[in-house]
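Peer 1: One-letter residues, chain by chain:
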Amino acid sequence: MSQPDAHDGDHGHAHHEPGFFGKYIWSTDHKMIGKQFLITTLLWLFVGGALALIVRWQLAYPGSGAEAAPEMPIIGSILEAMYGKASITGDVYNMAFTMHASVMIFLVIIPMLVGAFGNFCIPLMIGARDMAFPFLNAASYWVMWPAFALFGASFVIDGVGGAPASGWTAYPPLSYLAGDGQTLWCMGVILVGSSSIMGAVNYITTIVTMRAPGMRFFRMPLTVWSIFITSILSLLATPVLTSAMIMLILDREWGASFFIPAGLSAGLVAGDNAFNFASGGGNPILYQHLFWFYSHPAVYIMILPSMGIASDVMATFARKPIFGYRPMVYSIAGIAGLGFIVWGHHMFQSGMNPALGMTFMLSTMMIALPSAIKTFNWLATLWRGSIRFTVPMCFALSFVSMFVIGGLSGIFMAATPVDIHIHDTYFIVAHIHYVLFGGSLMGAFAGIYYWFPKMYGREMNRTLGYVHFWLTLIAFNMTFFLMHLVGLGGMHRRTQDPYAKYVYIDGMLPMNKAMTHGAILLGVTQLILLFNVLWSMWRGKPAEANPWKANTLEWTATPVKPGHGNFGEFLPTVYRGPYEYSSPEVEEDWLPQNKDLNAATK
Amino acid sequence: MTPLNRRRLASLAALALLMGMLGGCAGDPLGWLPESASPEADEVDELIYLIIYVTGVVFLAVQGLLIWFLFRHRRKEGVAAKHTHGNHTIEMVWTIAPALVLVLLAVYQADLWVRLKSKVPEDAANAVNVRIFAKQFEWNFRYPGPDGEYDTADDLATVGVLVMPIDRPVLAELRAMDVLHSFYLPNFRFKQDAVPGLNQEIWFRSNKLSADRDTVKNREGQDVQLDYWDIVCAELCGNAHTTMAGRCYVVSNADYEAWVAGEPTSVKLPGYSKIGAEGTSMGDLWTRWAWQDENAATGKPRWIKNKGMPFSGVDDRGDDEPSEDGEDDF
Ligand code: HEM
Ligand SMILES: [Cu+2]
Ligand SMILES: [Cu+2]
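Quick note, the sequences are listed as chains Z and S, same order.
Residues 140 to 741 in this note's numbering are what the first sequence spells out, letter by letter.
Residues 1058 to 1387 in this note's numbering are what the second sequence spells out, letter by letter.
These are calculated hints, taken from the structure and not from any lab test.
Be aware that one or more of the hints could be misleading.
Stated by the list, open to error - Straight-line Cα separation of at most 27 Å, DSS-like style, residue types lysine-lysine; simulated pairs:
#1 Z:700 to Z:162
#2 S:1325 to S:1265
#3 S:1331 to Z:652
#4 S:1176 to S:1274
#5 Z:224 to Z:688
#6 Z:734 to S:1139
#7 Z:640 to S:1325
#8 Z:640 to Z:652
#9 Z:640 to S:1265
#10 S:1274 to S:1325
#11 Z:700 to Z:734
#12 Z:640 to Z:174
#13 Z:680 to Z:174
#14 Z:174 to Z:688
#15 S:1133 to Z:688
#16 Z:162 to Z:174
#17 Z:700 to Z:680
#18 Z:734 to Z:688
#19 Z:640 to S:1274
#20 Z:162 to Z:680
#21 S:1139 to Z:688
What the hints assert, rightly or not - Reference excerpt, derived from the structure (chain Z facing chain S, CB under 10 Å, subset only):
#22 456
#23 521
#24 564
Glycine included, each C-beta is placed from N, C-alpha and C at the ideal position.
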C-alpha cells in the first residue's frame, strides 16, 4: 500500500519525526498512548499480584495452631524493609487485600481495557486519524502518574497501620478512623476517575463525529460498540465516586461528618475517643449508596470491553459473522442501562430497607439476562464455524467459559435469602474473580495477543502463548473454584486468621493451601506473558499487515505498523459490516469492510 | 430446528425444577453447607439447591455445547464456515426462556426474604429479647432480665456469649458503637450488618440444641465436638476483625429460664454479669446505647412490625403483638 502521507513512521522521513521524547513520552498519538497504558498496567498487574500472594500466603500458612507462621519468601523481606517486620500481621493483611483490589481495579483492569484498548483500537477501527482531542488523551494517561505516586506513597506514609486497610470499598467509619494512607488513597482514586472521564469524553466524541465514510453505527465492530457504551457509563457514574471520595476526605480531614453519625466511640476502654473530631449527623449507609452507584456500573466498565474484544476475536477465528450482531449491541446497551439500577445488591445486608432489597433483587435477576443472550450468541457464532485455535482465540474462548461461571454465581447472590448466607464470604470472592480475572483479564489477554502485531509490527511467540494460556486456565481454576465451596461453607472474607477462632473454618485449611498453590502458579505464569510481550517487541518475527485475515479497518486499511495519521492520504471508505467472513460473495473466506466489490469487478 | 430447540429448552427447565424439588427435600446432599440449626436455614438451603440445579443445568449445557462445537467445528480442509448473521426466532427463544426462569426465581424467593428480614415471626409473643452491641472487637449482649425491661438493675450482660432457648424466636436490637460489623450466624444462615447510628430490629431462631451439634473437622481432619453455634463478624472492622468471634448456646427452655434466674443448668453455660451501677466499663458501654437511643426514656423492647414494608396492612396486626409505637408488652 503506497503512502504519500509524510507521517509514515516506518520508512524514514526522520526529519519529520519528533524526537525520542516527543515520540515515546509526550506523544499525543492515540496508538502510543494506548501502548503506554498497556505497558504500565501490565507492570502494575505484578504489583497487584504480589499483594494477592501475601493474602494467599497468610491463608495457607497462618501460624495458628501448633506451628509457627513461616516467613514469606522474597515478599517477606520487602515487608521487612517497609515495616521492619516480615510477619503478616492483621494490619499488613488488611493492607494487602485492600491494595490488591484497589491496584487491580483502578490501576490495571480499568486503564488496561479502557485506556489501552480504547485508545489503540477506536480510531483504527472506525477509520479516524486520531482521537478528537489528542492533548486531552495524553493528559488522561499522564494524570495516572500522580495516582500511581499517591497509591505508592500510601503504603509507607504512616507506617504499617497507616496504609489503606479498609477494603477497596473503603466503608466508613473504618476508613474514617484509618491512617493517612487512606486520604492519599482517596486522592488517587479521584485522579484515576479523572483519567476515566477524560478518556470517556474523548472516545464518545471521536466515535460520534469521526467515523470514516460509510462507517455507520451498525457497521462498527463490537469492540468499538462496547467501549462506546462503557464510556457513557464512565461519564455518568464516575462523578458520583468522585463526590463520595471528596466527602470522605472532608470527613477525615475536617470532620465534616457526611458519613459519621453522632455518639460513636472507638477505643473506649483506653479512654480516647477518635470520633471526637466528628460533629455527627452523617450516615455510613449513604457512603455505600454513593460508592456502589459508581462501582456497580464500574464492574460493567470492566467487563464490556472484554466482551467486545472476545466477540471480534471469535468472529475472526471462527471465520463466521457474529451471530446476532444487533442483539449483541442491544444487550450491551441493556446491561449499561440496567447497570444503573442494581447497585443495591451489594447492600442487601447493609441495613438498607429490606423492601428496597426486593426491587434490587428483581433488577439484578434481570441484568443476568443480557449476559445470557450474549453467551448464547457467542455459542451460535462458533456453531458451524471453521475454528482456528490461535492464542487470542484460546483466551477468547476461555473468556466465555469462565464468564459463564461468574454470571451463574451472580444468580446465587441475586437471590436475597441466599445472599444472607453468602454475602461477605469467599463465595463473593469466587464470583468477582471469575468475572474479573476469568472474564475481564482473559479478554484483555486475548486482545493483547490479537493486536500485538498491529501495535509493534511483530508477532508474539506462539509456543509461549500456548504455555501461558494453558497454565493460566488451569491455575486460575485451581485457585478460584474451591472458593465457591469454602464460601458456601461459611468462610468469611477479609480475615487474616479465621482458623484460630473458628473450628469449622480450621477444617478448610487444606483447601486454602491448595488454592494458595494455585495462586502461586498463576502468578508465576504471568511472567511468561510479560517476557513474551517485552521479548517480542524487539525480537519477534516481523508480522504482516493483516496476519489474521481479519475484516476490520485496523488490519485492512493500514500498513504493518501504522504511522502518525493511521491511514494514507485518503481515509478508507466502508462498504459493509465488520464480520463478513466466509461470505458467498467472494472466494476467500474474508471480505474487508473497505473492499469495494464493484470496483474490483470493473 | 426451532421447534425442537424450544421443546428441548422446555424439558431442560422442567428437569431443573424437578431436580430442585427433589434436592430441596434432602437438606444438604452435597455437604457443602454448615450444619443447619434453624427452620429458616433449611428454607435457605432449599433455595440454594434449587439454584444449584438450575444453574448447574445451564452450566453443563453451555460448557458442553462449547466443547462440542470446538471439537466438531474445528478447522477442516475443504469445509467452509456457514455464513449466517443470526436468526430472529431463536433470539426470541433464548431471550424469553431465561427471562421466564429468572422472573420465576425472583418471585419464588421473594416471600422468604420478606419473612426473614421484614416481618416479625408468627410466635413473636413467645420471643426472647436481647440487645446486641458490636464494638471493636467483641459482641456484647444484654438481656432485659426477669422484669422484661431494659436499663433496670436486673439486666444481664455477656460478652461474646449469646444464650437462647430452642424453638423460640429471638427478637434482637442490633447496634454498633464504632465501625461497621456484621452479625453472622452461619448455621442459622443469618446475617445482618451492624451500623453505627442505626438501631436494627432483627430476629432469628433455632431448632437444634447447640450441645447436639455434629462434630466439626479441624485442619488435621480430626472430629471436634463443640457445644455452641458460631457467631462470626463478617464485615471488616479493623486489624483484629478476625478475632471477633462469639458463641451462641441454644438450650432447652428450662435451662434458659434457669440460666436467667442464676440457677444451675443441665448443660454447662458461661455466666453473665449484672449491669448494676454505671462507671464500670460494661456500664459505660451500655450508657452509650442509651445515649444513641432517642427513645431511651422507655426502656421497653421495641419492635416495629413489618418493618420497611410500605403496603403492610393494619388488619394483620394482632393484640398479642407489639405495635408500632412500642406501647405493648409481650
Ligand atoms: C450475570 C450478572 C451478575 C450478577 C447477577 C451479579 C450479582 C452480584 C451480586 C448480587 C453481588 C453482591 C454480592 C454480595 O456482596 O453479597 C455481586 C458482587 C460483585 N460483582 Fe457481580 N454480578 C454479575 C456480574 C458481574 C460482572 C460481569 C462483574 C465484573 C466484571 C461483577 C463484579 C462483581 C464484583 C467486583 C463484586 C463484589 C464487590 C465487593 O464486594 O468487593 N459481577 N455481584
Ligand atoms: Cu454489582
Ligand atoms: Cu469484624
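Peer 1: Each hint: holds or not?
Peer 2: Hints and how they fare:
{"no.": "1", "hint": "Z:700 to Z:162", "result": "14 Å, holds"}
{"no.": "2", "hint": "S:1325 to S:1265", "result": "16 Å, holds"}
{"no.": "3", "hint": "S:1331 to Z:652", "result": "45 Å, violated"}
{"no.": "4", "hint": "S:1176 to S:1274", "result": "36 Å, violated"}
{"no.": "5", "hint": "Z:224 to Z:688", "result": "55 Å, violated"}
{"no.": "6", "hint": "Z:734 to S:1139", "result": "21 Å, holds"}
{"no.": "7", "hint": "Z:640 to S:1325", "result": "20 Å, holds"}
{"no.": "8", "hint": "Z:640 to Z:652", "result": "18 Å, holds"}
{"no.": "9", "hint": "Z:640 to S:1265", "result": "22 Å, holds"}
{"no.": "10", "hint": "S:1274 to S:1325", "result": "22 Å, holds"}
{"no.": "11", "hint": "Z:700 to Z:734", "result": "20 Å, holds"}
{"no.": "12", "hint": "Z:640 to Z:174", "result": "48 Å, violated"}
{"no.": "13", "hint": "Z:680 to Z:174", "result": "19 Å, holds"}
{"no.": "14", "hint": "Z:174 to Z:688", "result": "23 Å, holds"}
{"no.": "15", "hint": "S:1133 to Z:688", "result": "17 Å, holds"}
{"no.": "16", "hint": "Z:162 to Z:174", "result": "12 Å, holds"}
{"no.": "17", "hint": "Z:700 to Z:680", "result": "14 Å, holds"}
{"no.": "18", "hint": "Z:734 to Z:688", "result": "13 Å, holds"}
{"no.": "19", "hint": "Z:640 to S:1274", "result": "14 Å, holds"}
{"no.": "20", "hint": "Z:162 to Z:680", "result": "23 Å, holds"}
{"no.": "21", "hint": "S:1139 to Z:688", "result": "17 Å, holds"}
{"no.": "22", "hint": "456", "result": "9 Å, holds"}
{"no.": "23", "hint": "521", "result": "4 Å, holds"}
{"no.": "24", "hint": "564", "result": "7 Å, holds"}
Checked against the numbered hints above, the structure breaks hints 3, 4, 5 and 12 and satisfies the rest.
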